[in-house]
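Visitor: Sequence:
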Amino acid sequence: MYEAAGRQYYEDHVNYIRRNDRFTVRTSVSSSTNNHYYKYVIHTTEPRWQDYRENEKHKCALDFQQTIVCCLVEAEKLKLKSIALPFVSTGISPIPKDMCAKEYCKAIEEYSRIRNNTSSLIEIHFIDKNYALISLIRQEFAQAFNKSEQPCVSKLEPGRQNLKPYSKSTKVRAAQLRVRTGMDSGNSEVCSICWNKMMQPKKLQCGHLFCSVCIDHHFKNEPTCPECGGIQGILTGIQPPGRMETNIKSSSLCGFPGTNTIEIVYVIPSGIQGAEHPNPGRPFEGITRRAYLPNNTKGQLIAKLLQIAFDRRLIFTIGTSRTTGKTGVVIWNDISHKTNPEPNAMFGFPDDMYFDRVLDDLGFKGVTEKDIQP
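Taking this note's numbering, the leading residue of the sequence shown gets 553, the next gets one more, and so forth.
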């Protein structure tokens with residue numbers, strides 16, 4: 553770091569340590585550099601997971617979140633337009649990776665809320681040599697921002713339905729949350745993954761070019777174009793082993809009189825996280841979930857597509873429950889399901905937009921009618 557940032561960085565860093573002895577969480581300080589690529593380095597320290605009691609781990613997460621906010625505020629004080637944040641919680645006693653990604657997202661939301669579009673910051677980049685960590689952050693942002701911009705807040709009569717508004721315009725796409733692994737140099741001879749002159753260029757279906765070695769390594773983590781987010785090949789997830797069963801019920805769902813019901817049963821047993829999961833070697837808690845569709849043409853189509861998504865390990869993932877806050881549990885992976893067969897119930901029918909919504913969710917993960925075998 554000293555070699556890259558120059559003498560000024562070294563002097564600022566040493567002077568701060570002499571005055572303050574050490575860095576603390578929820579604080580940050582900047583050092584100027586002699587490097588023309590970046591003007592400042594912002595210093596902070598993340599909380600140590602082991603320093604918090606078992607019943608106070610949520611405080612560790614909050615301290616981490618506020619530490620990131622402090623860094624963003626420091627960047628604003630310096631009137632910076634962009635900042636690059638590494639995946640910092642990877643040292644001694646690191647915070648679980650999935651929780652770390654979640655708190656990054658919360659920090660950005662909190663900072664955006666308190667600054668209310670008055671900040672000088674325009675771009676916030678996440679960087680790390682481990683592509684899987686960056687993908688984890690992108691997944692968390694996709695989950696957080698794939699929500700209605702105007703939540704439904706109303707007082708309804710008992711028994712009436714309160715549906716969350718849905719608009720395709722609010723759906724966060726891969727191209728909007730793409731992993732930027734290079735700089736927009738404007739030079740077609742430069743690989744935007746390694747930033748070097750392109751070696752053995754490989755052209756993707758979308759037309760973008762990358763070094764063969766770079767893009768092959770990228771595809772080991774995710775089969776998408778790093779530039780536009782377009783899916784290349786078949787996307788697979790990290791869903792743990794389990795089974796999916798489909799049954800036909802004689803009852804009808806609300807809005808589909810005289811039509812039988814397709815009941816889907818998902819069973820994911822508890823187990824140990826693998827190398828592809830957020831915390832390899834640690835246990836995870838499994839689940840059993842039921843979902844319902846009308847047994848008509850659209851319902852049958854969606855059931856087939858859900859089976860394909862399940863086989864590709866895309867229906868579930870391992871993360872932190874948004875309802876209980878518990879980590880290391882199997883959770884939904886952003887594909888809409890109707891889990892309540894009762895009429896006019898939350899997560900039930902009628903819902904005129906559901907079919908479009910779930911088809912959009914499936915398409916977002918590369919599952920379309922073209923994947924159904926004749």
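Calculated from the structure, these hints are not laboratory results. Among the clues, some could well be false.
Distance condition first, Cα-Cα at most 30 Å in a straight line; then the derived DSS-like pairs of lysine-lysine [unchecked claim]: (1) K681 / K609; (2) K754 / K801; (3) K681 / K922; (4) K749 / K658; (5) K772 / K749; (6) K658 / K801; (7) K658 / K633; (8) K629 / K681; (9) K922 / K878; (10) K611 / K629; (11) K754 / K922; (12) K922 / K755; (13) K754 / K772; (14) K755 / K658; (15) K754 / K633; (16) K749 / K801; (17) K633 / K681; (18) K922 / K801; (19) K611 / K681; (20) K631 / K658; (21) K801 / K755; (22) K755 / K772; (23) K772 / K658; (24) K801 / K681; (25) K772 / K801; (26) K681 / K755; (27) K801 / K611; (28) K801 / K878; (29) K801 / K856; (30) K772 / K850.
Visitor: Now tell me if each hint is right for this structure.
Guide: Okay, the hints, checked on the actual structure:
no., hint, verdict
1, K681 / K609, "holds, 27 Å"
2, K754 / K801, "violated, 50 Å"
3, K681 / K922, "violated, 35 Å"
4, K749 / K658, "violated, 37 Å"
5, K772 / K749, "holds, 22 Å"
6, K658 / K801, "violated, 42 Å"
7, K658 / K633, "holds, 20 Å"
8, K629 / K681, "holds, 28 Å"
9, K922 / K878, "violated, 37 Å"
10, K611 / K629, "holds, 27 Å"
11, K754 / K922, "holds, 26 Å"
12, K922 / K755, "holds, 23 Å"
13, K754 / K772, "holds, 15 Å"
14, K755 / K658, "violated, 36 Å"
15, K754 / K633, "violated, 33 Å"
16, K749 / K801, "violated, 60 Å"
17, K633 / K681, "holds, 23 Å"
18, K922 / K801, "holds, 28 Å"
19, K611 / K681, "holds, 28 Å"
20, K631 / K658, "holds, 22 Å"
21, K801 / K755, "violated, 49 Å"
22, K755 / K772, "holds, 17 Å"
23, K772 / K658, "holds, 29 Å"
24, K801 / K681, "violated, 50 Å"
25, K772 / K801, "violated, 41 Å"
26, K681 / K755, "holds, 23 Å"
27, K801 / K611, "violated, 46 Å"
28, K801 / K878, "violated, 33 Å"
29, K801 / K856, "holds, 17 Å"
30, K772 / K850, "violated, 34 Å"
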